[in-house]
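A.B. asks: The listed protein sequences derive, respectively, from chains A and B. If you read the first sequence in the numbering used here, its first letter stands for residue 606, the second for the next number, and so on. If you read the second sequence in the numbering used here, its first letter stands for residue 150, the second for the next number, and so on.
It cannot be assumed that every hint is accurate.
[Stated by the list, open to error] Just so you have them, the derived chain B footprint on chain A, three or more residues with Cβ under 8 Å:
| no. | region |
| --- | --- |
| 1 | 618-630 |
| 2 | 669-675 |
[As the list claims (entries may be wrong)] Facing chain A, according to a computed beta carbon distance under 10 Å, are these residues of chain B, among others:
| no. | residue |
| --- | --- |
| 3 | Met150 |
| 4 | Thr190 |
| 5 | Ala194 |
| 6 | Lys196 |
| 7 | Asn353 |
| 8 | Gly370 |
| 9 | His374 |
| 10 | Ala375 |
| 11 | Ser378 |
| 12 | Asp386 |
| 13 | Ala415 |
| 14 | Ala417 |
| 15 | Phe450 |
| 16 | Met564 |
What the hints contain is simulated information worked out from the structure, not anything from laboratory work. Keep in mind it's a predicted model, so treat the numbers as computed, not measured. All C-beta atoms, glycine included, are put in the ideal place defined by N, C-alpha and C.
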Amino acid sequence: MATVDVSGKQVEVDEDGYLVNLEDWTKELAEIFAKEDEIELTEAHWEVINFLRDYYEKYQIAPMIKILVKEIGKSMGKEKGNTKYLYELYPAGPAKQACRFAGLPKPTGCV
Amino acid sequence: MVKTPKPKELTENLLEKPNLLRGDQPKQSWMETPVEFKPGTYCHAAKPKVLEGLGFPNPREWQPGDDDWQLPDGWEETILKGFQERLKKFRSFKLYMDICVRCGACADKCHFFLGSGDPKNMPVLRAELVRSIYRGEFKTAGKILGSIAGGRKMTIGVLKEWFMYFHQCTQCRRCSVFCPYGIDTAEITMMAREMMSLVGANINWIMEPVSNCNRTGNHLGLQPHAFVSSIRSLCEDIEEITGVSIDVPFNKKGAEILFITPSADAFAMPGIYTMMGYLLLFKHIGLDYTMSTYASEGGNFGSFTNNETMKMLNAKMYAEAKRLGVKWILGGECGHMWRVVHQYMDTMNGPADFLELPKSPITGTVFSNAASTKMVHIAEFTADLIKHGKLKLDPSRNDHWHTTWHDSCNTARGMGLLEEPRYVLQNVVNKFHEMPENTIREQTFCCGSGTGLNTDEFMEVRMKGGLPRANAVKYVMEKHDVNLLSCVCAIDRATLSSLVQYWVPGMEVSGLHELVGNALVFEGEKWPRAMDLREDEPYDYEEPEEEPEAEAPAEATEEGGEGDV
Numbered sequence: 606m607a608t609v610d611v612s613g614k615q616v617e618v619d620e621d622g623y624l625v626n627l628e629d630w631t632k633e634l635a636e637i638f639a640k641e642d643e644i645e646l647t648e649a650h651w652e653v654i655n656f657l658r659d660y661y662e663k664y665q666i667a668p669m670i671k672i673l674v675k676e677i678g679k680s681m682g683k684e685k686g687n688t689k690y691l692y693e694l695y696p697a698g699p700a701k702q703a704c705r706f707a708g709l710p711k712p713t714g715c716v
Numbered sequence: 150m151v152k153t154p155k156p157k158e159l160t161e162n163l164l165e166k167p168n169l170l171r172g173d174q175p176k177q178s179w180m181e182t183p184v185e186f187k188p189g190t191y192c193h194a195a196k197p198k199v200l201e202g203l204g205f206p207n208p209r210e211w212q213p214g215d216d217d218w219q220l221p222d223g224w225e226e227t228i229l230k231g232f233q234e235r236l237k238k239f240r241s242f243k244l245y246m247d248i249c250v251r252c253g254a255c256a257d258k259c260h261f262f263l264g265s266g267d268p269k270n271m272p273v274l275r276a277e278l279v280r281s282i283y284r285g286e287f288k289t290a291g292k293i294l295g296s297i298a299g300g301r302k303m304t305i306g307v308l309k310e311w312f313m314y315f316h317q318c319t320q321c322r323r324c325s326v327f328c329p330y331g332i333d334t335a336e337i338t339m340m341a342r343e344m345m346s347l348v349g350a351n352i353n354w355i356m357e358p359v360s361n362c363n364r365t366g367n368h369l370g371l372q373p374h375a376f377v378s379s380i381r382s383l384c385e386d387i388e389e390i391t392g393v394s395i396d397v398p399f400n401k402k403g404a405e406i407l408f409i410t411p412s413a414d415a416f417a418m419p420g421i422y423t424m425m426g427y428l429l430l431f432k433h434i435g436l437d438y439t440m441s442t443y444a445s446e447g448g449n450f451g452s453f454t455n456n457e458t459m460k461m462l463n464a465k466m467y468a469e470a471k472r473l474g475v476k477w478i479l480g481g482e483c484g485h486m487w488r489v490v491h492q493y494m495d496t497m498n499g500p501a502d503f504l505e506l507p508k509s510p511i512t513g514t515v516f517s518n519a520a521s522t523k524m525v526h527i528a529e530f531t532a533d534l535i536k537h538g539k540l541k542l543d544p545s546r547n548d549h550w551h552t553t554w555h556d557s558c559n560t561a562r563g564m565g566l567l568e569e570p571r572y573v574l575q576n577v578v579n580k581f582h583e584m585p586e587n588t589i590r591e592q593t594f595c596c597g598s599g600t601g602l603n604t605d606e607f608m609e610v611r612m613k614g615g616l617p618r619a620n621a622v623k624y625v626m627e628k629h630d631v632n633l634l635s636c637v638c639a640i641d642r643a644t645l646s647s648l649v650q651y652w653v654p655g656m657e658v659s660g661l662h663e664l665v666g667n668a669l670v671f672e673g674e675k676w677p678r679a680m681d682l683r684e685d686e687p688y689d690y691e692e693p694e695e696e697p698e699a700e701a702p703a704e705a706t707e708e709g710g711e712g713d714v
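Model the full structure from these sequences, guided by the hints.
C.D. replies: Next up, the structure:
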């Protein structure tokens, strides 16, 4: 199994680079993942990551994009509540990329 | 992450390699051609915790590309014992092993063969991967004469070959349509996958949904509160778009009908728009129904694994129907759920005699075709409503969509559902064109990613396998300006979206009931509606002079509304 070095600690990730054990997540790890994808995490990125982590805490699943868009819009203003805004932040897709940074597993099934 | 080649690279790569479709003859016999696992050509192996939770054999960390698959000692005997048991238990399997005359009628009917030119993707040869073991291990001639009699022994090379090619079969059964003996090739794939399960050769994209479904009731792993919250969120959107307020009943005892659909309809794009369509329909006719947070999945990834798992997951739906005391079950737009319900449920968990013969509470129509399973497909249900003039529809609300119809393999070939969805579609849209006739109905081409192969790391094979379908879609796009591929399967909704994005950019994918939802006219709704259920597609409407009247249902013709002959 592949690992990522976080300040000397080896953290396990799966074949697609997602965190294996959710409790291993740290802000530093999010920064490392972002760096791999050549993204610099700004306040706007963190808003999404924090929302994802809160949502996961409550529902044990990453939110679908529609809910993500709606909730971001509700809490951070209408101008941010759209898919375009989220794709600007996370070009590889908010569902996949942002979830990876937030330490969440990817969804399975007919998706 | 596995990188997917761009369409141009994939095409060039296909043209460079020897291809049987262009007449290139392989240099050596297929038995001497080992498989090679390269990233993009296999799905990730099942994670140990997933297999452990289900009590499946041989959980471990491994990948198909590894030299050592860490199989238990004596694994060959395990497979052969399993083989023998299945030959005894399933007469069909024994028959399919015996009767193939290798005529080759199926050879060029497989989407994976057409998209790759790989000889082992000819259904006849794919089946031969198993049949050769049957001959070599169980038949006298094969045991003595070996390869001369088409037989060989079970080895690690054979197992790897099975893994590769039985995960390049989507059990779509297009080849079976052309088989003069009617061999159900999907069942051969099912048996091969069962046997691989005995030694822990499983893929994660199948086993994790199975595990999720076993734990939480659905493939996505949505817990009850997440499932409810997601559907309520969709209701908020519906109200915003249409002005119609909907309160969905959950786990309601004594409801007349239990409604079950794939969990992707509650949680994934574009399935959620289909869910919105169902909910609007039920509201429109005042249906006494309930959804369940226990039976919150219509799909059955167990059917991609082994029959015991399929049976276990299917049983949930009926256990819940019994617990809630409903009269019958209405099933949503799912593909393989219907293969399981229509062809296996009766002898697995049925007959469901504790339920009543399904009767539409709105039209009084009795669905005697569902006498044993007590489960009706929503396309049948809605077609019946339209036929009886029970829906107030304005198809012009879908005028921004120029549609075509993808027959999902399992509903089309697995249960013969060909006319009903077309009838519904042509009553809710004005623009419709069929794809070429050898790519629809019984001869429909698979999305290329069914049977649990719809995972990202497998995209290269998926895009090759989906090429024949994409080609037909491209044809109607170029010829008739089609911009929407509609279907009744949740795997399709997800996988065709990736497929058209890759091969036919500009095409969108939808479920049938999304379009029904758009067209339904409600009393006191916001009129004119400013947008369709996707919200980002504004209607190009003119202020109507008066409220639109319900239109008489259009008669479905064989060719479709304005379809090609």
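A.B. asks: Determine for every hint whether it applies to the structure shown.
C.D. replies: Against the structure, the hints:
no.	hint	result
1	618-630	holds (count 4)
2	669-675	holds (count 5)
3	Met150	holds (5 Å)
4	Thr190	violated (14 Å)
5	Ala194	holds (9 Å)
6	Lys196	holds (8 Å)
7	Asn353	holds (8 Å)
8	Gly370	holds (6 Å)
9	His374	holds (7 Å)
10	Ala375	holds (4 Å)
11	Ser378	holds (7 Å)
12	Asp386	holds (8 Å)
13	Ala415	holds (9 Å)
14	Ala417	holds (4 Å)
15	Phe450	holds (7 Å)
16	Met564	violated (18 Å)
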